[in-house]
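> Residues 5 to 124 (this note's numbering) make up the sequence shown, in order.
Hint data in this document are derived by calculation from the structure and do not stem from the laboratory. Some hints could be false.
When the alpha-carbon atoms are kept at most 25 Å apart in a straight line, the in silico BS3-like pairs for lysine-lysine are as follows [said to hold, decoys possible]:
1. 85 x 75
2. 67 x 87
3. 87 x 77
4. 67 x 42
5. 87 x 75
6. 67 x 77
Distance windows between CB atoms, simulated [unchecked claim]:
7. 94 x 45: 26 to 32 Å
8. 110 x 82: 39 to 45 Å
9. 70 x 121: 21 to 27 Å
10. 47 x 76: 33 to 39 Å
11. 67 x 114: 44 to 50 Å
Just so you know, even glycine gets a beta-carbon here, dropped at the ideal spot from N, CA and C.
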Amino acid sequence: MKDAIPDNTVLSHDLLEGSYVRAGLVTDIEFIDGYPSKLNSYAMRLHRWVRGDWQLLPWLCSKTRDRRGNKIKNPLSLISKWKILDNLRRSLVAPSLILLIALGFSVLPGSPFFWLGVAL
(Lines of atoms letter the chains of each structure in order from A and count residues from 1; the text may use other names and numbers.)
(Lines give C-alpha, C1' and ligand atoms only; values in the text may rest on other atoms or scores of the structure.)
Protein backbone atom coordinates (compact mmCIF):
# COMPACT_ATOMS: atom_id res chain seq x y z
CA MET A 1 0.00 0.00 0.00
CA LYS A 2 2.83 2.42 0.79
CA ASP A 3 4.05 2.44 -2.85
CA ALA A 4 0.59 2.44 -4.45
CA ILE A 5 -0.17 6.18 -4.42
CA PRO A 6 2.24 8.93 -5.54
CA ASP A 7 3.27 11.34 -2.78
CA ASN A 8 1.44 14.68 -2.50
CA THR A 9 -1.03 13.91 -5.29
CA VAL A 10 -4.15 12.88 -3.40
CA LEU A 11 -5.89 15.11 -0.88
CA SER A 12 -8.88 12.80 -0.35
CA HIS A 13 -7.25 9.48 0.38
CA ASP A 14 -9.98 7.75 2.41
CA LEU A 15 -12.01 6.51 -0.56
CA LEU A 16 -8.90 5.51 -2.51
CA GLU A 17 -7.24 3.68 0.39
CA GLY A 18 -10.52 1.95 1.20
CA SER A 19 -10.72 0.82 -2.41
CA TYR A 20 -7.22 -0.62 -2.25
CA VAL A 21 -7.68 -2.53 1.01
CA ARG A 22 -11.32 -3.44 0.28
CA ALA A 23 -12.88 -3.43 3.71
CA GLY A 24 -16.34 -4.70 2.79
CA LEU A 25 -18.24 -4.59 6.06
CA VAL A 26 -16.85 -3.38 9.34
CA THR A 27 -19.53 -3.12 12.00
CA ASP A 28 -17.43 -2.31 15.07
CA ILE A 29 -16.05 1.03 13.86
CA GLU A 30 -17.80 4.33 14.53
CA PHE A 31 -16.89 7.64 12.90
CA ILE A 32 -18.02 10.95 14.31
CA ASP A 33 -17.51 14.02 12.16
CA GLY A 34 -18.66 17.37 13.47
CA TYR A 35 -20.62 19.77 11.32
CA PRO A 36 -19.05 23.21 10.76
CA SER A 37 -20.76 25.91 12.78
CA LYS A 38 -20.19 28.69 10.24
CA LEU A 39 -21.01 28.92 6.55
CA ASN A 40 -17.45 29.92 5.69
CA SER A 41 -16.07 26.82 7.45
CA TYR A 42 -18.57 24.63 5.62
CA ALA A 43 -17.66 26.16 2.24
CA MET A 44 -13.94 25.70 2.88
CA ARG A 45 -14.45 22.05 3.90
CA LEU A 46 -16.67 21.36 0.89
CA HIS A 47 -14.11 22.97 -1.43
CA ARG A 48 -11.35 20.79 0.06
CA TRP A 49 -13.47 17.64 -0.28
CA VAL A 50 -14.44 18.38 -3.89
CA ARG A 51 -10.85 19.20 -4.79
CA GLY A 52 -9.82 15.88 -3.27
CA ASP A 53 -12.50 14.02 -5.23
CA TRP A 54 -11.30 15.50 -8.53
CA GLN A 55 -7.73 14.46 -7.73
CA LEU A 56 -8.93 10.85 -7.95
CA LEU A 57 -9.83 11.25 -11.64
CA PRO A 58 -6.73 9.33 -12.86
CA TRP A 59 -7.93 6.24 -10.98
CA LEU A 60 -10.89 5.95 -13.37
CA CYS A 61 -8.47 4.95 -16.15
CA SER A 62 -7.26 1.41 -16.80
CA LYS A 63 -3.68 2.40 -15.92
CA THR A 64 -2.45 4.62 -13.12
CA ARG A 65 0.89 5.60 -11.62
CA ASP A 66 2.51 4.19 -8.51
CA ARG A 67 4.60 6.11 -5.98
CA ARG A 68 7.67 6.03 -8.23
CA GLY A 69 5.71 7.30 -11.23
CA ASN A 70 5.63 3.97 -13.09
CA LYS A 71 2.48 3.15 -15.04
CA ILE A 72 0.72 0.14 -13.56
CA LYS A 73 -2.59 -1.64 -14.12
CA ASN A 74 -5.29 0.03 -12.06
CA PRO A 75 -6.19 -2.42 -9.27
CA LEU A 76 -9.50 -0.75 -8.36
CA SER A 77 -12.69 -2.70 -8.85
CA LEU A 78 -15.55 -1.47 -10.99
CA ILE A 79 -17.58 -0.57 -7.89
CA SER A 80 -14.68 1.50 -6.52
CA LYS A 81 -14.43 3.36 -9.81
CA TRP A 82 -18.19 3.92 -9.66
CA LYS A 83 -17.86 5.46 -6.18
CA ILE A 84 -15.23 7.89 -7.47
CA LEU A 85 -17.38 8.76 -10.49
CA ASP A 86 -20.44 9.26 -8.27
CA ASN A 87 -18.53 11.71 -6.06
CA LEU A 88 -17.52 13.66 -9.17
CA ARG A 89 -21.12 13.68 -10.40
CA ARG A 90 -22.37 14.96 -7.04
CA SER A 91 -19.82 17.77 -7.07
CA LEU A 92 -21.33 19.01 -10.34
CA VAL A 93 -24.98 19.07 -9.20
CA ALA A 94 -25.00 22.50 -7.47
CA PRO A 95 -23.10 24.35 -10.24
CA SER A 96 -25.35 22.73 -12.85
CA LEU A 97 -28.49 23.87 -11.04
CA ILE A 98 -27.18 27.43 -10.75
CA LEU A 99 -26.37 27.39 -14.47
CA LEU A 100 -29.85 26.07 -15.31
CA ILE A 101 -31.50 28.82 -13.23
CA ALA A 102 -29.32 31.52 -14.83
CA LEU A 103 -30.05 30.23 -18.33
CA GLY A 104 -33.75 29.88 -17.49
CA PHE A 105 -33.94 33.54 -16.52
CA SER A 106 -31.93 34.71 -19.54
CA VAL A 107 -32.03 32.59 -22.71
CA LEU A 108 -34.11 29.43 -22.34
CA PRO A 109 -37.61 29.55 -23.86
CA GLY A 110 -40.71 29.75 -21.71
CA SER A 111 -41.31 31.17 -18.29
CA PRO A 112 -38.24 31.68 -16.09
CA PHE A 113 -40.27 30.32 -13.19
CA PHE A 114 -40.77 27.05 -15.07
CA TRP A 115 -36.97 26.62 -15.20
CA LEU A 116 -36.70 27.62 -11.55
CA GLY A 117 -39.22 24.89 -10.73
CA VAL A 118 -37.30 22.35 -12.80
CA ALA A 119 -34.08 23.24 -10.99
CA LEU A 120 -35.61 23.07 -7.53
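> Residue 67 and residue 87: Cα distance at most 25 Å?
holds (17 Å)
> Please work out if residue 67 and residue 42 have their alpha carbons no farther apart than 25 Å.
Measuring from Cα to Cα gives roughly 41 Å; hence the hint is violated.
> Using the beta carbons of residue 67 and residue 114, state whether their distance is inside 44 to 50 Å or not.
About 46 Å separates the Cβ atoms of residue 67 and residue 114, which means 44 to 50 Å holds.
> Regarding residue 70 and residue 121, is the given constraint of 21 to 27 Å on their beta-carbon distance met?
violated (49 Å)
> Between the beta carbons of residue 94 and residue 45, is the distance compatible with 26 to 32 Å?
Taking Cβ atoms as reference, residue 94 and residue 45 lie about 20 Å apart, which means the hint is violated.
> The hint says 39 to 45 Å between residue 110 and residue 82; measuring C-beta to C-beta, is that right?
holds (40 Å)
> Are residue 67 and residue 77 close enough, with their CA atoms no more than 25 Å apart?
Judged against 25 Å, a Cα distance of about 5 Å means the pair holds.
> Against the 25 Å threshold, does the CA-CA distance of residue 87 and residue 75 hold or violate the hint?
holds (22 Å)
> Does residue 75 lie within 25 Å of residue 85 when you go C-alpha to C-alpha?
holds (18 Å)
> Is the hinted range of 33 to 39 Å satisfied by the C-beta distance from residue 47 to residue 76?
This hint holds: roughly 36 Å between Cβ atoms.
> Given the hint that residue 87 pairs with residue 77, test it: the Cα-Cα distance must not exceed 25 Å.
holds (19 Å)
Comparing the model with each earlier hint shows violations of hints 4, 7, 9; every other hint is respected.
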